[in-house]
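Participant: Here are the chains, one letter per residue:
2 protein chains.
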Amino acid sequence: MRAAVMRDSKIVVDDISAPTPGSGEVLVKTLACGICGSDLHTLIHGHQMVEMSRDNDGLFDMDLSRDVVMGHEFCAEILDYGPDTTGKLAVGTRVCAMPVLMRGGKMATAGYSNDVPGGFGEQMVLLESMMLPVTNGVSTELAALTEPMSVGYHTVEMARLQKDEVPLVIGCGPVGLAVITALKLKGVGPIIAADFSPARRKLAEQVGADVVVDPGINSPYETWTDLARADKTDGRDNPFDSGPKTRPGVYFECVGVPGVIDQLIAGAPRGGRIVVVGLCMEQDQFMPYRAITKELNIQFVLAYTGEEFASTLHNISEGLVNVEPMITGKVGLDGVADAFNDLGDPEKHAKILVEPWR
Amino acid sequence: MRAAVMRDSKIVVDDISAPTPGSGEVLVKTLACGICGSDLHTLIHGHQMVEMSRDNDGLFDMDLSRDVVMGHEFCAEILDYGPDTTGKLAVGTRVCAMPVLMRGGKMATAGYSNDVPGGFGEQMVLLESMMLPVTNGVSTELAALTEPMSVGYHTVEMARLQKDEVPLVIGCGPVGLAVITALKLKGVGPIIAADFSPARRKLAEQVGADVVVDPGINSPYETWTDLARADKTDGRDNPFDSGPKTRPGVYFECVGVPGVIDQLIAGAPRGGRIVVVGLCMEQDQFMPYRAITKELNIQFVLAYTGEEFASTLHNISEGLVNVEPMITGKVGLDGVADAFNDLGDPEKHAKILVEPWR
Chain X
189 MRAAVMRDSK IVVDDISAPT PGSGEVLVKT LACGICGSDL HTLIHGHQMV
239 EMSRDNDGLF DMDLSRDVVM GHEFCAEILD YGPDTTGKLA VGTRVCAMPV
289 LMRGGKMATA GYSNDVPGGF GEQMVLLESM MLPVTNGVST ELAALTEPMS
339 VGYHTVEMAR LQKDEVPLVI GCGPVGLAVI TALKLKGVGP IIAADFSPAR
389 RKLAEQVGAD VVVDPGINSP YETWTDLARA DKTDGRDNPF DSGPKTRPGV
439 YFECVGVPGV IDQLIAGAPR GGRIVVVGLC MEQDQFMPYR AITKELNIQF
489 VLAYTGEEFA STLHNISEGL VNVEPMITGK VGLDGVADAF NDLGDPEKHA
539 KILVEPWR
Chain G
189 MRAAVMRDSK IVVDDISAPT PGSGEVLVKT LACGICGSDL HTLIHGHQMV
239 EMSRDNDGLF DMDLSRDVVM GHEFCAEILD YGPDTTGKLA VGTRVCAMPV
289 LMRGGKMATA GYSNDVPGGF GEQMVLLESM MLPVTNGVST ELAALTEPMS
339 VGYHTVEMAR LQKDEVPLVI GCGPVGLAVI TALKLKGVGP IIAADFSPAR
389 RKLAEQVGAD VVVDPGINSP YETWTDLARA DKTDGRDNPF DSGPKTRPGV
439 YFECVGVPGV IDQLIAGAPR GGRIVVVGLC MEQDQFMPYR AITKELNIQF
489 VLAYTGEEFA STLHNISEGL VNVEPMITGK VGLDGVADAF NDLGDPEKHA
539 KILVEPWR
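Note that the protein sequences, when read in sequence, are chains X and G. Position one of the first sequence corresponds to residue 189 (the numbering used here), numbered consecutively onward. Position one of the second sequence corresponds to residue 189 (the numbering used here), numbered consecutively onward.
It should be emphasised that the hints constitute simulated quantities derived from the structure, not laboratory data. In this text, all values refer to a predicted model and were calculated from it rather than measured experimentally. Check the hints yourself; a few may be wrong.
It does not matter which identical chain is used: a pair holds within one copy or between any two.
What the hints assert, rightly or not - With a Cα cut of at most 35 Å, we get these calculated DSBU-like pairs of lysine-lysine:
hint: 1; residue 1: 351; residue 2: 276
hint: 2; residue 1: 536; residue 2: 294
hint: 3; residue 1: 276; residue 2: 518
hint: 4; residue 1: 351; residue 2: 374
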């Protein structure tokens, strides 16, 4: 099959062997697959990621001297069932799935594995147990957003928002946009979102932000304080409490570069909560004293549960979220390498979908 | 009055003017006042603390070129009432109080202020509204532990422990011991505590730790994993979950030096919670990726509420906690400078009380 392959830290198009479905697996035709920020990071910092992953969760356990086909945000069509499957969904059915398979008794992530190709190739294999049919006539493009939107959904679930809390989203790349979408769905607000890019701020408004801030002009934290101002606090009698009276705050870190967490710590109100979903893979610095005197809470989050993935596909299928504006480009396999470069410019792109059969 | 004064980063005994109670304030005779780790830190790193505090909460807003009488962990006796007071408690009554007063419309902390002397002097002024009588014949020494024990009580309250969670306390200085005491009171367990010092580990057992670990010999995190092992996890269906099945974990950071938070992040189980009460005033480093892949939660905590302070005095008065072993020395004002040095040796001391009239 044809695939856009990661080889020597470059994306090249090549003919490689198509995968064969193992026990419990299904062969599918990739219809569309989004390029994720983690894919960009892997292309450049792959060795570092593999190294760190080895000490930890094995999420990125790859041999980078061998080919890897990335792509874990896909919508696909059932081609053929492997052994030990039920065949419940008809061949030709469009499906989404969590990019998780088993290889040698260990979990493998489609797109971050030498053995399990991701969606930047014409065919993939999926675990039958992970497959969900795409229903309600929703487009393949929108269905392919299920995986990245699930990350936002999970993030907001993990934030356990109370109705009176005012959210601030720092960074309006695909992760921030997914968080804003999930916040909108929760009915909390006003949703305040900050990004240096005008195009990203416009997208933020389109998916549900009530107020957008250009941090080059206004402090997102001061804007938050103005909008969250309240007549009284939560009534706790801690005499060390000072500063303006505001509704409680939940700040979402959706950037993932060193220094941003410390900025959020400095900007957060007393008793504030910070939810970190931006995937910073480098050493970071912060001032614990600042977080201590404000009694901040920091929740780190990753990925999503199966239930959250299914809910997200449902929300997209039922038109409960407005995610179409996020798709800023579509390319065939020959366009993947350029798309990786183009995604560096937030004015031009948010999410580019790869259509391997284009 | 005589007082142990912080002057030019040294403790010297001198005769200084006694404070005069202002509106709503009460003049008291200091009976006993514990030396806190923050006092040791202030003597050495005072300028840095004042600097940082200025950008933040003003907790340590002092002019270090002028005298400061430290000491905020006190038990005192009522001498005289100032204007605008009710005089509800009889002169001669022993009292504890949160070390909080108002000066020029701003909060001032007794012991960290040029204007409000702390307990390392013969007399202090307190806000009448903050005073609580020492009842039930409890000793002055034990009553003086109310403030530091309140910090542990507040920390455990902020941890919002569930019954099945297994606590691990890193560092068994006075803060760690206060946390262990509060955990014991909550009835959770086993309580696992780690410290390099044999004397501190012994104290940890005396105040309620079920298992103590010498990190020089065994990993506290591996010990925790062994003791928290469980047949099943919390049932969440996140397929990225791996590692040994354990009961959920709450790790308490009671050390407060750079690098410890990152060690806890590295050692914590997936979904674990870290509560930071150790007051690190320096820049710190950590790896966000590790915290993200384990979806850790970090709660920073400081001080206590008025209700928690009152509950702590009650618990001490009713003999519900065993805190007497923490008192490892008593000195008069002439012994304060040496006591500051002696507290550097965890084998010799945990809490030294200053008795200004000794």
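Participant: Hints first: check each against the structure and report whether it holds.
Facilitator: For each hint, the structure was consulted:
no.: 1; hint: 351 / 276; result: neither (41 Å within a copy, 43 Å between copies)
no.: 2; hint: 536 / 294; result: neither (39 Å within a copy, 51 Å between copies)
no.: 3; hint: 276 / 518; result: within (31 Å within a copy, 77 Å between copies)
no.: 4; hint: 351 / 374; result: both (9 Å within a copy, 30 Å between copies)
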